[in-house]
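Undergrad: Chains as they are written, first to last, in my numbering: chain A, 1 to 455; chain B, 456 to 749.
Warning: the hint list may mix true and false statements.
Unchecked claim - Straight-line distance between alpha carbons at most 27 Å, and here's what the computed DSS-like set of lysine-lysine pairs gives:
1. A:Lys241 / B:Lys510
2. A:Lys130 / B:Lys510
3. A:Lys184 / A:Lys309
The hints are simulated quantities; they were obtained by calculation from the structure and are not laboratory data.
Each chain, written out:
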Amino acid sequence: MNRIQPRRLVRQIGLLGVLSVTAVAVLSGCSSNGSDSSDGGRGFSEAKQDKNSTITVWVDATRVPAVKAFQKANPSIKVKTVTYDGSANGSNSFKTKMSLYDRAGKGWPDVVFSSQNNDASWATQGVAGKQPFAARLDKGLIPAGTLSGFAKGALNPCTVDGGVYCLRNDLAQTVLWYDNSLLKKFGYAVPKTWEEYQALGEKVAKEHPGYIVGSVGDTWTPEVFMWSSKCQANDVTDIRKVTVKTDSTECKRAASMLDTLVADKSLTKLSVFTPDFVKTYTGKVLLMPGPAWFAGAIFNNKESLNVPKGRLGVSAPLAWDGDSAVAGNVGGGTWFISSHSKNLANAAKFAEFVTTDDAYQVDLGPGYPAYAAAADKWVKKQESSGYYATDLSGLTAAAGLVWDGWGFPSFSQEAIWAKTITPLVSSGKSIEDNLGTWATAIKNQAKVNGYQVNE
Amino acid sequence: MNKTRKGRRRSIGAVFVAPYAVFMLAFGVMPALYAIYLSVTDVDGGFTPTANFSKVIDDFRFFSAARHVAFFLGIWLAALLVLVVFLAIVVHAIRARWLSASARLFFYLPGALAGASSVMLWLFVLDPVASPAGPLLRAMGMDSFTNVIQPSHLPLIFAIIAFWTGAGGWIIVMYGALNNISTEIMEAARIDGANPVQVAIHIQLPLLRKWIAYMAVLSLAAGTQLFVEPSLLSQASNAVVPNDYSLNQLAYQYAFDLNDFNGSAAISVLLLIVALVLSAVFVTKGGLFETEDV
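So here's chain B without its partners, still in its complex pose:
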């Protein structure tokens, strides 16, 4: 390839990337930089590198909110990683075309409801009086909405809601990734006498590693920002689910209840650091940025 053609190709690439880059800078990078600036300054703009951080960490709600988010993330990420991969492999293994297609549609449907509206749906599912699952809830000893949303149940409830709304999309993505595995490798494995379980463990899983890491990184970023679910449940339960349940809600409270944008920014920056560190782990362990020079 000669030099000018190569150059032209690069500039066309830049044109394609530019709109994304502009919006990412305007609505991702710049707000993050502004948050970092706010987090190390006081109300009057004076430089206070640690004051905001120590203030929010000393807040009696901080560690309980962090614990809530951690529990939720633990349950949700584990469920995603295990169940999504399992279901995708099962769907992929289904030979009957119509069954496989309808299973994918079935998994994907809940994800078609936009975030807040799907949570609204769950408000009814969780109320034993209105819920189609009412008898089940009552059989588990929960006869009122307040009993269902006892504090100890919340991480599980939020994880179920998030899984229900988000997992379908990932199953489709994993299904696509499974389709990408070359049939030759699969054939070879089968000829060597591998059963479906062995194929899954020794061929499909290792080849899905990057996709799993990708799902983990994106889900982690979304999960640490838990906000819509507890906020709506808080409104619906007349504050029995506190409005400072998650870290993101606490940041919101700082900004709009305490009128303390600097404290709010400090929480956001802490969240950013945690999410970056954990993402780095997933990226390196999952080999997400490795390029195949085959």
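The shape of chain A in the complex, shown without the other chains:
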């Protein structure tokens, strides 16, 4: 057996060490930080401004027309578009990428669209003394007149500790969608309360099995049913404090209704975005509580249920007996401006344009605009299309009814529901019996995300 002499071995390892250090230095490059910054009186320290610099905007594929509309209206402003997944479906890519830029000390985009609405909870909090990503908007960056023009409650997901840190793109208030022609054919009336809704669901199960009154197969089930029942599962009381109380009547009544209708099969366990759902329930969706964007995403969509013109009706959110009606909310995108931007003026102009200007929100926007004036025009435009069987006053009413007892923490309520409750539902277990399990899961997740759980 050959033995390498220790001295030689040391020398060889030394040589390799030198080589590898060189390689690492070459591969990683050297980063430098140390930019000029100043306090512009807007509540954060600003980078040195350059009015002519290109602004980089991150959007998802659906929002690309917004950038094009802006460029058409402002040909002199240089915009670079980067398309990303919009942080959709819990990919968290917005947060992930920004935390990497934070570590690198450079690279942030100027404006970011996120399809989520809980980004303000982290984007306003700096880690390890670093400047938070989100620029504060209500201290001069965006005019107060513009901010006050958003629908009531529309900026709640953007508001942290009294400051506004993002602009809402669209609202995702929940309403009751229904097939007007089917209801008439079966001789049913549109329910006015959740009790009537449940009774109708039980009736449909008996008289017209195979038809459904909604779905519990998606991750936003708690936002459609628990939120609109005023279930206090997600009450963010302070920046890092949350109250989780799921043993209340409000939670139990909704859970018990879901259990009954799931057992009756008038609520399907399938996600509305599965091919199986489309195959099984096209023409068989009688009622469907869900967000505003269901109209374009599943009803008036050739690849989904493809409900013909003149059938789809919408009614304002349902109330529980003896309680006032409130709406839930499922998403609704947000636009953030980077506090590191070198061109805050144009970044602000861009964000204001895409959220408020008719050229995008009314003419091109697929969802219900969060900006009230644009929303009115958007609703009129939709009504004049002749697609709906009813007027859209239900949507407008719901816009102002989103219950504010459900907050926007940095963790995802949808992910918690999906991993704790969805498997139980699909194996035939009761939601009402497992409200405690749900609460524990929320509290655990809240704690690891740095929240104090109020007892």
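On the provided structure of chain A, position chain B as indicated by the hints.
TA: Okay, now just chain B, sitting in the frame of chain A:
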């Protein structure tokens, strides 16, 4: 051999090893050292030897993630060790050349699909609506994707996916190792009246020991890092499979969801320790570093 020739041979050896060593240092050793540094410091760089470790161990997800990985590893390693060796010996025993060659190709093919894409394939196989195995899944009482991916099924599902993608390559490696066993020994055994089973148990298995240990060590390292399978299933199932199912995913969550690179590093270091300890067991039991001075 005189001294200078020996020296020249050694320096040529170093040249051959150098590129590997450089990349191993740059992308293996240095990141590991950086992770160890991160795991014993706080955000501001202050020395906190235990804080990160106790934080991640106290995390309610830590032990469930560790349990998930352990179950998965148990099933997968057992399947690999038993089935791969068994199949390799069977293929080796096939006399017909064309049958043996096509069997090897057949085993190897799934491994030709790169990691993530083979998992994508499995997303369809696991959905009773789209799957060619749909009737089988339904016969077992699973009529929807969500039913197939119930939490209790996951370790088995991941083990099947990993086995399907990885076992073929190992069968080929074992086949090669079997070819290396000298025909004289095999002949001698046969003349002494050993049947194929006895040959396998008393001759082939002991001589394969090192290769089996080698497979175990590498598979263990890969298995503890379970990430792609649960991550893709999590995306595809809209989070019904949690995004913190395995330890590696939990580390990812720490780094990018909680923005806590130190906690993330602590999990990675714990994984490293576990993998090192278990590898040491396999290495010593398998005699992997023993040299034959025959």
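Undergrad: Compare the structure with each hint and give your call.
TA: Checked hints:
no. : hint                : result
1   : A:Lys241 / B:Lys510 : holds (20 Å)
2   : A:Lys130 / B:Lys510 : holds (22 Å)
3   : A:Lys184 / A:Lys309 : holds (16 Å)
Consistency note: the structure conflicts with none of the earlier hints.
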